[in-house]
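J.: Please work from the sequences and hints to get the whole structure.
Protein chains in written order, with numbering that gives the first Met the number 0: chain A, 0 to 149; chain B, 0 to 149; chain C, 0 to 82; chain D, 0 to 82.
Don't read these hints as lab results, they were simulated from the structure. The structure presented is a predicted model; accordingly, all values stated were derived computationally and were not measured. The C-beta atom is built at its ideal place from N, Cα and C for all residues, glycine as well.
Interface residues of chain B toward chain C, partial, derived using beta-carbon atoms under 7 Å: (1) K60; (2) L117; (3) W124.
Calculated lysine-lysine pairs in the PhoX-like style (CA-CA distance at most 25 Å, straight line): (4) B/K148 to A/K104; (5) A/K148 to B/K148; (6) A/K45 to B/K1.
Chain A is faced by these chain D residues, among others (derived, beta-carbon under 7 Å): (7) F5; (8) A6; (9) S7; (10) Q58; (11) P78; (12) V79; (13) T80; (14) G81; (15) G82.
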Amino acid sequence: MKRFVSIQTEDFSIELETNQLRTATPEVGGIATFTGLVSDLNRDQKIESLLLEHYPGMTEKQLEQIIDQAQLRWNLLGVRVIHRVGLLHPRDQIVFVGVSSRHRKECFEACQFIMDYLKTQATIWKKESSQEKSEWLSARESDRIEQQKW
Amino acid sequence: MKRFVSIQTEDFSIELETNQLRTATPEVGGIATFTGLVSDLNRDQKIESLLLEHYPGMTEKQLEQIIDQAQLRWNLLGVRVIHRVGLLHPRDQIVFVGVSSRHRKECFEACQFIMDYLKTQATIWKKESSQEKSEWLSARESDRIEQQKW
Amino acid sequence: MQVLYFASIREQFDIEGEQIECTADTANVQALIDFLCEIHGEPWGKVLGDPNLLVSVNQELASLDAPLSASDEIAFFPPVTGG
Amino acid sequence: MQVLYFASIREQFDIEGEQIECTADTANVQALIDFLCEIHGEPWGKVLGDPNLLVSVNQELASLDAPLSASDEIAFFPPVTGG
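T.: Given below as structure tokens:
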């Protein structure tokens with residue numbers, strides 16, 4: 000299986016990422032992707048910006064371990080995970096997870112699994128700024144529940 | 000919710016499609032996509048080409064109804080479904096389903112739901128050609144089971 | 000009535016469709032099938048007798064007892080395999 | 000030992016990390032926390048006493064009784080919120 004993990008400040012191109020997954024192996028039958036964006040609203044507050052900080056080294060290790068787990072559970076052909084850090088604004092892309100496999104069920108499930116684990120295990124933190132205030136987000140109970148379903 | 004359905008011979012660009020979903024509404028938090036490709040192998044036969052035929056008019060109606068059902072079950076912001084017809088070759092893109100929503104769970108589930116229903120309800124047929132033979136594919140029991148889970 | 004054939008069915012009949020006059024002999028889908036088999040002979044009987052055969056009337060899936068009228072568009076096709 | 004702070008914890012302490020000598024006083028994570036609170040005073044006590052606090056040793060999540068040695072990299076951070 001081909002894999003790629005990157006924590007970066009630069010934006011990414013979904014087209015380039017899916018092309019990598021598509022051309023890596025000729026037996027690819029399906030590619031599932033998830034792209035997370037900066038929303039304009041959170042709990043009815045208009046968001047002006049989002050600052051993302053991470054633990055360099057550990058984040059990449061955690062993501063590699065999440066992909067290892069996915070690879071044990073599904074037959075995957077390729078996985079690409081990109082997470083941006085730094086200062087972002089509404090509509091900016093934050094995260095990309097792309098998974099290719101022979102059959103669609105496998106790539107759908109693995110893509111969702113990786114996102115659910117990334118949300119609860121990757122050492123990345125968001126600080127949200129609205130006109131009123133600027134604060135570090137709290138972990139969501141709902142994210143923990145999603146991860147524990149697997 | 001913004002929706003787009005197209006049955007077409009031309010290829011599509013995942014980048015353009017996800018950009019449409021991304022810019023349609025400012026509250027988009029996540030975009031889930033699935034892209035189906037022509038695989039190079041099916042039951043150990045090397046595939047040379049795939050001919051896709053559909054029932055013009057009915058296919059679009061069925062897809063609109065599938066999207067209606069998804070919209071009843073999840074809070075969605077945008078849905079784009081493209082299915083190619085005509086003569087395709089290994090690694091060509093066949094189908095794209097993209098769904099945007101505020102939260103990731105909704106777009107993941109709706110994207111998978113639409114693909115599972117499309118597989119069993121859209122009036123599209125595939126004829127596969129290998130060096131040895133050329134034959135219409137049979138519907139898969141596994142696809143029926145996936146659809147009935149919803 | 001407009002009758003359409005798709006995929007393997009179209010290929011086996013070697014026509015894309017045909018115009019059939021709506022009479023007492025074609026009052027519902029099963030009657031239309033019987034009528035088509037009668038006028039064409041084989042392979043109509045074998046192909047339209049397949050238990051997996053799907054039928055639509057005016058682009059909605061229909062059962063064998065669905066009533067038909069002169070303006071209807073009826074299509075016969077195998078289980079779908081897109082995606 | 001290299002001690003690192005991230006996100007809200009880094010902000011509250013106003014330092015990204017510090018070098019701490021490994022002694023009998025810092026034999027495990029809980030001992031290190033007690034030592035840091037002692038040398039810094041507040042807000043160390045309040046922040047490192049938070050039951051949601053996460054700790055890693057050499058970039059793997061660790062518990063409060065994890066043993067520490069001189070070459071270790073220890074990090075303190077809040078629950079993650081990426082994605």
